[in-house]
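A.B. asks: As a plain string of letters, each chain reads:
Number of protein chains: 4
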Amino acid sequence: MIVVMKRGTSEEAVKDVSGRIEEMGMKAHVIVGTDRTVLAAVGKESETLRQELEAHPQVEQAMPILAPYKIASRETKPEPSTVTVKSLKIGGGHIGVIAGPCSIESESQIFESAQRVKESGATGLRGGAFKPRTSPYSFQGMKEEGLKLLQAAGQETGLATVTEVMAPHDVDLVCRYADVLQIGARNMQNYTLLEAVGGVDTPVVLKRGASATMDEFLLAAEYILNGGNQQVILCERGIRTFESHTRFTLPLATVPYLQERTHLPVVIDPSHGTGVASLVPPMCLAAIAGGCDGLLIEVHPDPTHAVSDGPQSLTPEAFDDTMRRGHQVAAAVDRKLG
Amino acid sequence: MIVVMKRGTSEEAVKDVSGRIEEMGMKAHVIVGTDRTVLAAVGKESETLRQELEAHPQVEQAMPILAPYKIASRETKPEPSTVTVKSLKIGGGHIGVIAGPCSIESESQIFESAQRVKESGATGLRGGAFKPRTSPYSFQGMKEEGLKLLQAAGQETGLATVTEVMAPHDVDLVCRYADVLQIGARNMQNYTLLEAVGGVDTPVVLKRGASATMDEFLLAAEYILNGGNQQVILCERGIRTFESHTRFTLPLATVPYLQERTHLPVVIDPSHGTGVASLVPPMCLAAIAGGCDGLLIEVHPDPTHAVSDGPQSLTPEAFDDTMRRGHQVAAAVDRKLG
Amino acid sequence: MIVVMKRGTSEEAVKDVSGRIEEMGMKAHVIVGTDRTVLAAVGKESETLRQELEAHPQVEQAMPILAPYKIASRETKPEPSTVTVKSLKIGGGHIGVIAGPCSIESESQIFESAQRVKESGATGLRGGAFKPRTSPYSFQGMKEEGLKLLQAAGQETGLATVTEVMAPHDVDLVCRYADVLQIGARNMQNYTLLEAVGGVDTPVVLKRGASATMDEFLLAAEYILNGGNQQVILCERGIRTFESHTRFTLPLATVPYLQERTHLPVVIDPSHGTGVASLVPPMCLAAIAGGCDGLLIEVHPDPTHAVSDGPQSLTPEAFDDTMRRGHQVAAAVDRKLG
Amino acid sequence: MIVVMKRGTSEEAVKDVSGRIEEMGMKAHVIVGTDRTVLAAVGKESETLRQELEAHPQVEQAMPILAPYKIASRETKPEPSTVTVKSLKIGGGHIGVIAGPCSIESESQIFESAQRVKESGATGLRGGAFKPRTSPYSFQGMKEEGLKLLQAAGQETGLATVTEVMAPHDVDLVCRYADVLQIGARNMQNYTLLEAVGGVDTPVVLKRGASATMDEFLLAAEYILNGGNQQVILCERGIRTFESHTRFTLPLATVPYLQERTHLPVVIDPSHGTGVASLVPPMCLAAIAGGCDGLLIEVHPDPTHAVSDGPQSLTPEAFDDTMRRGHQVAAAVDRKLG
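Each protein sequence line maps, in turn, to chains A, B, C and D. Here UniProt numbering is used: position 231 in the first sequence is 231, and no number is missing along the way. Here UniProt numbering is used: position 19 in the second sequence is 19, and no number is missing along the way. Here UniProt numbering is used: position 148 in the third sequence is 148, and no number is missing along the way. Here UniProt numbering is used: position 288 in the fourth sequence is 288, and no number is missing along the way.
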């Protein structure tokens, strides 16, 4: 940690700060500059101490040097992690493709979705049974009944199923039916939920919050990892910015940035990332070329009659075309789609 | 709802869309313009229908006309709501002042905090027992033990107590000890939690999510109101923007904007809104002059030894000075502080 | 234009507004809804009228239906435009590659840069002679001397040269030496400069401002087009968001979004878009797969001794490797790189 | 400057970096930590060197310690600067009030505006003659004819006149007519324009760019100061964020933040900062209580017929009421309005 003292600080204040650093088991190096005195604190960093020092009236700022996440870091585990569930392979040269409707609406809808995405090469099936909805007056999902339909559709097609869990008390229930849990963007910092999924064995897709920094995202993953569940898949699904022509702004540089810092696989959700069906196929191809480990794509047999997210859902035909082109792009970057 | 068709759309597509609008119980007016055909759908709007129509391949956009929230709207209840708990009055010309430490750390710390903020004119006491922390390695709060200390400090001073609840299964526990529940910014769209606090009688301070729009904020309140709990206090605590010289960006225009649209009282948290103790007093005064119904301020007997949020906590002396000046500003806008 | 009246508006106010609409040569349709009265104004829209109506005390909002840009619109010119200068082809299946250093620093530096990027397959040479620098104390560019060196390096290699112009009074000077003008992001709304480059024949790369919306971006292009210069190339170079791990946030969905609305070619600048050299190659590949018409890439023979933008500049070796992989990705999407 | 080396960096790389630091006339302190080696470079910092080091393949990051602006800094000039032109006093306990229409539209409009705002207590008159407009098809201002009208209205009322200059070649012209120049938000980083106004004696209101950081803002001021013009007034007019219910987001914490770091006065423009007339009065009061040195307010005799910015312009009556309440708030914080 680097502690910058205010201009004209007293020797006493410097002693105060260095004393506090040493009290916490770190070593303090004092560097007297031309305009400022700076202390370098060597040893195990702590955010609590950093805040404490920054609250000192003579301290201008206290900056961390080390990344705050540990288990998620590539420094802890240099080789990339992969997640494999049934036919779904994420990482290790495989780009997993999880496709399906936003919400599970009926038996025929989820079965037709599963069939069609499977035919086009998907390896995972998504479908929401517990739906976080902005308005209390919107459709909230079919809940357990939906989970049953999803499981059946997964079993019929052999696709790994992925579905959201919204509350700690539902984790066990969802685990009974689904192959992979999803934590939605709005719950990325719902710590009791993160702790709950950290306590099970089912892999977890953790979506980045719409205004989460990279450190916050990796620390959210750290909650799950720290709970014991090592199968965490990070998902970039777009951030909230001033742009309003897309639902969110999709920053694909997240993929290589995270891959430099964490061993966890990184998947992209271009459906929420853009919110506009016509923009989804080019962003799928861009994500593949950019090195992602997987895709999460909303596909609906009839988007104009979807109960949710119709405007951003691909038709099965558009999905098929995207997969066809995606295979070629994947091959161009020496990876395998699906 | 206004539906704009794409350029050169067919008559058939217009019929399709108007048919679907009428199917849903609305009346469709078709307006043929020079460049575009537009449909005005008159009747009860539905977000589901809007999305459905926007997913139509011949529709360019579908725009809502009406606000999506109902119970929170001033159109439903024109007169402002107030919340009164013990000495704490929020709204109706009273600016409630809820002050205290970020975390409850010990008996002496919370009792000294309570005593000092009470002496300076606070009417509520804040203090966190369940702490949502970015890192799993940070102090997570004293939990039930902390709640007991908070309750005792509240009883001794007569201050209404305000504390965060993080999980649906903790709502009953927190209600047993606290006068007012707080939903943190990270949980603003934790819908199972909103539903849980919607089912109790204790007033709720709902913090705006760091990237929540006004509609999303009011719809989150709507979840609680719809559950039966009418005592909801909205809290602006800063949004995430590109600004990095403050922890968040505090948009005070939230206050008059919300007051035009909702009857719910609006309070400001300048501590999180700035993250810097020296910026808190001027932002308190600005919020008072801007018409807020309350303030939520972090005050710690010794900020440099706080376990959390030290850099943004006021000393009791700084808080006292802020209150003294705040009374004058409140009087200038015909309101009463505390 | 759609005008939404406030709740409970008077008939008189509706007459006022419809009268004003008809006065301006449009036709007004009044639609009386259950909660609101809405007017649809049919005819040539005007932003001035829209603002005027929105300022009416009984009007809640006035929303435009038509895009505000005209010459830039695909509705005006459905087939995509291309720009060809010497070996540089942008659009029409060709992905132009403009590479080179941030600043022209010396004869040897720009000649070596030109030679190396040419060998790797670039078709354009970038290099700044007039440098917009955040600080007045930073290197401001070699100015005319730099332009001469750039021209000479372009002539030797046959590469088309691209360089920034910062002031209206420099446009003629820069046109004498360069093949393509660049308007920097900070000048995207410098309208006197846009008008000045609208008056010459030299093609213009117009960079998106860091907080410009799509409409603002296209209207900036419209200034140039309206001045008579039809060779405008749009460049996405990243937007300012809360993300701080990259210099800017690069939203690649800009490419397909713009391609749906304008005939102008769209190029990507992943160097400024990320600010981090290691993230540039994957974002180049992503941009190619996502359908861009060109790339603008900072390459420096010795980035650790660059006077500006070293951290985001590729070495010639890294650029060569990127081009090699880029050719394969371009082929996978049926396009030609360089 | 603090340079953090990558994990497992070689001794040779550390020597490289420390050698380069000493070459540039700074002293390098090497601190070997448990996980990282850090170098503290003591002496005159340079952004060029910082970037150079950050481009080194073994360097993780290079962080500046000192503020990059010098003349604008309170460390250079501790006492606050004030600007006085005719009756307009900005700073030193005086809150200057510059009011008037967005655009000068006609003789009667600007004279009536001047008269009305003067009667209500304004000390400056704003009015645009050169208008930066998003669309080339919008009204572009009355130019020199407008300047003449503004000057005449200023002379009649004794108000100091403030008007925008958009191009370096217009600076002399505008200086002939106006008392204070304004640099618009879109031109905050138009460096040739900043240099041009740095060369004259007329005071300058410099508006913050919609996505400018504090350092960028102060460095833009530094361009003017460095040119010799010491009368710079900083103006916060709102930033671009995800919020769409207001035209921009107005971060009032800018006022105390800047006042801690610079001696330059800080004024607030709540008209552009909100874009909504009803939100302007509370934000005026908030700005006054928050410690601003001045206000820039759009007032139009008839906002519903304004050629620009009608929705955010106050009527003379609303302005008068705001001033009346503003005086009381100013008195409460020991300052004088107007």
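Take these hints with a grain of salt, some might be off.
[What the hints assert, rightly or not] In the DSS-like style, the derived pairs of lysine-lysine whose C-alpha atoms are separated by at most 27 Å in a straight line are:
1. Lys70/B - Lys6/C
2. Lys27/C - Lys86/C
3. Lys143/A - Lys6/D
4. Lys336/C - Lys336/A
5. Lys44/D - Lys86/D
6. Lys27/B - Lys86/B
7. Lys6/B - Lys77/C
8. Lys15/A - Lys27/D
9. Lys148/D - Lys6/A
10. Lys77/D - Lys77/A
11. Lys15/A - Lys44/D
12. Lys27/A - Lys77/D
13. Lys70/B - Lys143/A
14. Lys148/A - Lys336/A
15. Lys70/C - Lys27/B
16. Lys6/A - Lys336/D
[What the hints assert, rightly or not] Here are the simulated distance ranges between beta carbons:
17. Glu79/D - Val32/A: 22 to 32 Å
18. Glu22/A - Glu79/D: 45 to 55 Å
19. Lys143/D - Ser106/C: 42 to 52 Å
20. Asp334/C - Glu145/D: 50 to 60 Å
21. Arg7/B - Glu60/D: 46 to 56 Å
22. Asp321/C - Gly227/D: 41 to 51 Å
23. Ser108/C - Pro64/D: 25 to 35 Å
24. Gly25/B - Pro57/C: 26 to 36 Å
25. Val30/C - Pro64/B: 11 to 21 Å
26. Lys44/B - Lys27/C: 50 to 60 Å
27. Glu156/A - Lys44/B: 33 to 43 Å
28. Val30/A - Pro64/D: 34 to 44 Å
29. Asp321/C - Met63/D: 49 to 59 Å
Note that these hints are calculated values from the structure, not bench results. Where a beta carbon is used, it is the ideal one built from N, C-alpha and C, also for glycine.
A.B. asks: Could you run down the list of hints and mark each one as holding or not?
C.D. replies: The hints, checked one at a time:
{"no.": "1", "hint": "Lys70/B - Lys6/C", "in the structure": "16 Å, holds"}
{"no.": "2", "hint": "Lys27/C - Lys86/C", "in the structure": "50 Å, violated"}
{"no.": "3", "hint": "Lys143/A - Lys6/D", "in the structure": "48 Å, violated"}
{"no.": "4", "hint": "Lys336/C - Lys336/A", "in the structure": "23 Å, holds"}
{"no.": "5", "hint": "Lys44/D - Lys86/D", "in the structure": "41 Å, violated"}
{"no.": "6", "hint": "Lys27/B - Lys86/B", "in the structure": "50 Å, violated"}
{"no.": "7", "hint": "Lys6/B - Lys77/C", "in the structure": "16 Å, holds"}
{"no.": "8", "hint": "Lys15/A - Lys27/D", "in the structure": "23 Å, holds"}
{"no.": "9", "hint": "Lys148/D - Lys6/A", "in the structure": "50 Å, violated"}
{"no.": "10", "hint": "Lys77/D - Lys77/A", "in the structure": "51 Å, violated"}
{"no.": "11", "hint": "Lys15/A - Lys44/D", "in the structure": "25 Å, holds"}
{"no.": "12", "hint": "Lys27/A - Lys77/D", "in the structure": "36 Å, violated"}
{"no.": "13", "hint": "Lys70/B - Lys143/A", "in the structure": "26 Å, holds"}
{"no.": "14", "hint": "Lys148/A - Lys336/A", "in the structure": "31 Å, violated"}
{"no.": "15", "hint": "Lys70/C - Lys27/B", "in the structure": "33 Å, violated"}
{"no.": "16", "hint": "Lys6/A - Lys336/D", "in the structure": "32 Å, violated"}
{"no.": "17", "hint": "Glu79/D - Val32/A: 22 to 32 Å", "in the structure": "28 Å, holds"}
{"no.": "18", "hint": "Glu22/A - Glu79/D: 45 to 55 Å", "in the structure": "39 Å, violated"}
{"no.": "19", "hint": "Lys143/D - Ser106/C: 42 to 52 Å", "in the structure": "43 Å, holds"}
{"no.": "20", "hint": "Asp334/C - Glu145/D: 50 to 60 Å", "in the structure": "56 Å, holds"}
{"no.": "21", "hint": "Arg7/B - Glu60/D: 46 to 56 Å", "in the structure": "52 Å, holds"}
{"no.": "22", "hint": "Asp321/C - Gly227/D: 41 to 51 Å", "in the structure": "45 Å, holds"}
{"no.": "23", "hint": "Ser108/C - Pro64/D: 25 to 35 Å", "in the structure": "30 Å, holds"}
{"no.": "24", "hint": "Gly25/B - Pro57/C: 26 to 36 Å", "in the structure": "33 Å, holds"}
{"no.": "25", "hint": "Val30/C - Pro64/B: 11 to 21 Å", "in the structure": "19 Å, holds"}
{"no.": "26", "hint": "Lys44/B - Lys27/C: 50 to 60 Å", "in the structure": "28 Å, violated"}
{"no.": "27", "hint": "Glu156/A - Lys44/B: 33 to 43 Å", "in the structure": "39 Å, holds"}
{"no.": "28", "hint": "Val30/A - Pro64/D: 34 to 44 Å", "in the structure": "19 Å, violated"}
{"no.": "29", "hint": "Asp321/C - Met63/D: 49 to 59 Å", "in the structure": "30 Å, violated"}
The structure is inconsistent with the numbered hints 2, 3, 5, 6, 9, 10, 12, 14, 15, 16, 18, 26, 28, 29, although it conforms to all the rest.
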